[in-house]
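Asks: Read off the chains here:
Number of protein chains: 2
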Amino acid sequence: MILINGEIKKTVAADDRGLMYGDGLFETIEICRGMPVLLQQHIDRLQSGCARLGLVMPAADLLKNEIHQLCEYQNKGIVKITLTRGSGGRGYRPAENSESLRILSFHDWPEIPDCYYTNGINLYNCKTDISTSRSLSGLKTLCRLDQVLAQREWSETEFAEGLMSDSAGHVIEGTKSNLFIIVNGDLYTPSLKMGGVKGVMREKVIALAQQSGLLVHKTEMKADFVKQADELFVCNSIIHIWPVRQYAKKKYEVGKITGQLMTLLASSLDQDFNGND
Amino acid sequence: MILINGEIKKTVAADDRGLMYGDGLFETIEICRGMPVLLQQHIDRLQSGCARLGLVMPAADLLKNEIHQLCEYQNKGIVKITLTRGSGGRGYRPAENSESLRILSFHDWPEIPDCYYTNGINLYNCKTDISTSRSLSGLKTLCRLDQVLAQREWSETEFAEGLMSDSAGHVIEGTKSNLFIIVNGDLYTPSLKMGGVKGVMREKVIALAQQSGLLVHKTEMKADFVKQADELFVCNSIIHIWPVRQYAKKKYEVGKITGQLMTLLASSLDQDFNGND
Numbered sequence: 001m002i003l004i005n006g007e008i009k010k011t012v013a014a015d016d017r018g019l020m021y022g023d024g025l026f027e028t029i030e031i032c033r034g035m036p037v038l039l040q041q042h043i044d045r046l047q048s049g050c051a052r053l054g055l056v057m058p059a060a061d062l063l064k065n066e067i068h069q070l071c072e073y074q075n076k077g078i079v080k081i082t083l084t085r086g087s088g089g090r091g092y093r094p095a096e097n098s099e100s101l102r103i104l105s106f107h108d109w110p111e112i113p114d115c116y117y118t119n120g121i122n123l124y125n126c127k128t129d130i131s132t133s134r135s136l137s138g139l140k141t142l143c144r145l146d147q148v149l150a151q152r153e154w155s156e157t158e159f160a161e162g163l164m165s166d167s168a169g170h171v172i173e174g175t176k177s178n179l180f181i182i183v184n185g186d187l188y189t190p191s192l193k194m195g196g197v198k199g200v201m202r203e204k205v206i207a208l209a210q211q212s213g214l215l216v217h218k219t220e221m222k223a224d225f226v227k228q229a230d231e232l233f234v235c236n237s238i239i240h241i242w243p244v245r246q247y248a249k250k251k252y253e254v255g256k257i258t259g260q261l262m263t264l265l266a267s268s269l270d271q272d273f274n275g276n277d
Numbered sequence: 001m002i003l004i005n006g007e008i009k010k011t012v013a014a015d016d017r018g019l020m021y022g023d024g025l026f027e028t029i030e031i032c033r034g035m036p037v038l039l040q041q042h043i044d045r046l047q048s049g050c051a052r053l054g055l056v057m058p059a060a061d062l063l064k065n066e067i068h069q070l071c072e073y074q075n076k077g078i079v080k081i082t083l084t085r086g087s088g089g090r091g092y093r094p095a096e097n098s099e100s101l102r103i104l105s106f107h108d109w110p111e112i113p114d115c116y117y118t119n120g121i122n123l124y125n126c127k128t129d130i131s132t133s134r135s136l137s138g139l140k141t142l143c144r145l146d147q148v149l150a151q152r153e154w155s156e157t158e159f160a161e162g163l164m165s166d167s168a169g170h171v172i173e174g175t176k177s178n179l180f181i182i183v184n185g186d187l188y189t190p191s192l193k194m195g196g197v198k199g200v201m202r203e204k205v206i207a208l209a210q211q212s213g214l215l216v217h218k219t220e221m222k223a224d225f226v227k228q229a230d231e232l233f234v235c236n237s238i239i240h241i242w243p244v245r246q247y248a249k250k251k252y253e254v255g256k257i258t259g260q261l262m263t264l265l266a267s268s269l270d271q272d273f274n275g276n277d
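From first to last, the protein sequence lines are chains A and B.
So for the first sequence, my numbering puts the first residue at 1; every next one is plus one.
So for the second sequence, my numbering puts the first residue at 1; every next one is plus one.
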């Protein structure tokens, strides 16, 4: 089912600015036992993205009601919120006070092999550059052609995810996930000052790691530094944490710290669900 | 009127990859005396963009027929061709052999003040970064949020165009045009290796300049170099050439070489129209 500005519909105007210019944002939210996971964090990120782009943010209660409507008879799945600047304006220049268009859609839960969690994944090294721009860094915008081209490079049966670098060789993130590496007991994740998406799960992992006493460094890193890692993992709102078992011809065990963070995360999400957080 | 895959329609599927991921390309074509201008160049660029993105290019004759259908009772205007990868795929990963969706739309000719051509324009210096990526450089993709944000910075009544630089300070292009500068009688235009759109009019201007004996340099340039220019102009398929009369607090006359190129361009487009080229 798709709700477009609250109505059950399947189409949008051909002149919507989301289509014409990628002028919008999106969120991908896990639905577990019929309830959205980390919903407040997703809403907060959408709100902060709207502020940076000058988009009108829909009321949080409206979004919550529509998510509820989509999930009513569902147990497990994904709700995607797409927010565009709607139609209108003059070329790239948006109309003032243009109303946003919101698209909320429910999607089946993807099949994820258990071994991705127990043994880790094969991580591909993408040749496609990730775009850099201070103006868009951190945002989950509708401009995702980098990621589309990157995923065309490899087959899903060989690699579960691919790691992207900018044209200067800085490792930024996976095509659909954020990267963490562990070096000498500290946690490192790429700085997102120049590009990449500030993932809701990235923030959650950082918070849990800090609570458990780990030092977390957000830093520029190149492939050589990643290769020094003792442990590697990627994360996002749907997959949670996937340990990496192979990257750039180097093999890794599912490390102790990664395992601890996976346990902490599962327990924290469970607490959230039970309203104990 | 809008033709979507040849049918008169106004909407596209809400899961079109153009909307979801900016997964597509577009062309903006001048219609003059009922005929598309530089049509072969636009079709060639679309073809080359399709090859880089792995999109299926529609047959040129099909596009020509649909443009003709849109322009049948029109004298002056714009035809926009938008090509997306259509619906389908699994997240960012496109389906194999996915059929493209093509949207052809007719738009009224914009009112452009005569003084933009005779006295030149005020060129704004945008703070929004233009994204850099070798993988997408030169392409006119649907990911144009940089340009949307940049145009939000200034009012159209003050500046006719804005100049964008990447985060390292390289001047790349206008929000909707390519930049040329003249220094000591030579023509310079930013290299598009790291970003920017390889404009059809940029290629035309380069060809005309070279035919007329000018040296043309495609090169990295920073704002300091631009400020040394004796003449500056911007160009695209709709505006043709706009001389710049003010940029970064410096004033310019409409220079001799810019004037010559404007004359050469007008005459060449006229020849194309009369089939003498």
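Hints listed in this document are in silico derivations from the structure and should not be mistaken for laboratory results.
All C-beta atoms, glycine included, are put in the ideal place defined by N, C-alpha and C.
Watch out, some of these pointers could steer you wrong.
Dumping the calculated DSS-like pairs for lysine-lysine here, alpha-carbon to alpha-carbon at most 25 angstroms [claimed, not checked]:
id, chain 1, residue 1, chain 2, residue 2
1, A, 10, B, 222
2, B, 9, A, 127
3, B, 9, A, 193
4, A, 198, B, 222
5, B, 198, B, 222
6, B, 193, A, 127
7, B, 80, A, 193
8, A, 80, B, 10
9, A, 76, A, 10
10, B, 193, A, 222
11, B, 127, B, 80
12, A, 9, B, 193
13, A, 9, B, 10
14, A, 193, B, 10
15, A, 9, A, 127
16, B, 10, A, 10
17, A, 127, A, 10
18, B, 193, A, 10
Some chain A residues judged to face chain B by a derived CB distance under 7 angstroms, without partners named [stated by the list, open to error]:
id, residue
19, 19
20, 103
21, 122
22, 143
23, 148
Asks: Each of the hints needs a verdict: does it hold here or not?
Replies: Checked hints:
Our distance criterion of 25 angstroms between C-alpha atoms is broken by residue 10 of chain A and residue 222 of chain B, whose separation comes to about 46 angstroms. Restraint check for residue 9 of chain B and residue 127 of chain A: the C-alpha separation of about 38 angstroms exceeds 25 angstroms, so the hint is violated. Under the criterion of a C-alpha separation no larger than 25 angstroms, the hint pairing residue 9 of chain B with residue 193 of chain A is inconsistent with the structure, at around 42 angstroms. Restraint check for residue 198 of chain A and residue 222 of chain B: not satisfied, since their Cα atoms lie roughly 30 angstroms apart, outside the 25 angstroms limit.
Restraint check for residue 198 of chain B and residue 222 of chain B: the C-alpha separation of about 19 angstroms stays at or below 25 angstroms, so the hint holds. Distance restraint check for residue 193 of chain B and residue 127 of chain A: the Cα-Cα separation of roughly 16 angstroms lies within the 25 angstroms cut-off, and the hinted pair is therefore satisfied. This hinted pair does not check out: residue 80 of chain B and residue 193 of chain A have alpha carbons roughly 35 angstroms apart, beyond 25 angstroms. A C-alpha spacing of about 24 angstroms is found between residue 80 of chain A and residue 10 of chain B, which places the hinted pair at or below 25 angstroms, so the restraint holds.
Between residue 76 of chain A and residue 10 of chain A the CA atoms are separated by roughly 22 angstroms; this keeps the pair inside 25 angstroms, and the hint holds. A C-alpha spacing of about 21 angstroms is found between residue 193 of chain B and residue 222 of chain A, which places the hinted pair at or below 25 angstroms, so the restraint holds. Using a Cα cut-off of 25 angstroms, the hinted pair residue 127 of chain B and residue 80 of chain B is violated, with the two alpha carbons roughly 28 angstroms apart. Among the hinted pairs, residue 9 of chain A with residue 193 of chain B is inconsistent with the structure: their alpha-carbon atoms are about 42 angstroms apart, more than 25 angstroms.
For the given pair, residue 9 of chain A sits about 14 angstroms from residue 10 of chain B by alpha-carbon distance, which is consistent with the 25 angstroms threshold. Between residue 193 of chain A and residue 10 of chain B the alpha-carbon distance is near 39 angstroms, which puts this suggested pair outside the 25 angstroms criterion. For the given pair, residue 9 of chain A sits about 38 angstroms from residue 127 of chain A by alpha-carbon distance, which is inconsistent with the 25 angstroms threshold. Among the hinted pairs, residue 10 of chain B with residue 10 of chain A is consistent with the structure: their alpha-carbon atoms are about 13 angstroms apart, no more than 25 angstroms.
Taking the CA atoms of residue 127 of chain A and residue 10 of chain A, the gap is near 35 angstroms; set against the 25 angstroms cutoff, the hint is violated. At roughly 39 angstroms between alpha-carbon atoms, residue 193 of chain B and residue 10 of chain A are farther apart than 25 angstroms, so this suggested pair is violated. Checking residue 19 of chain A against chain B: minimum C-beta separation of about 4 angstroms stays under 7 angstroms; hint holds. With 7 angstroms as the threshold, the beta carbon of residue 103 of chain A comes within range of chain B, its nearest partner Cβ sitting at about 5 angstroms, so the hint holds.
This hint is violated: residue 122 of chain A has a C-beta 16 angstroms from the nearest C-beta of chain B, more than the 7 angstroms allowed. Taking 7 angstroms as the C-beta cut-off, the interface hint given for residue 143 of chain A holds, the closest approach to chain B being about 3 angstroms. Here the hint on residue 148 of chain A is kept, as its CB sits about 5 angstroms from the closest CB of chain B, short of 7 angstroms.
The structure fails hints 1, 2, 3, 4, 7, 11, 12, 14, 15, 17, 18, 21 (numbered hints given earlier, in ascending order).
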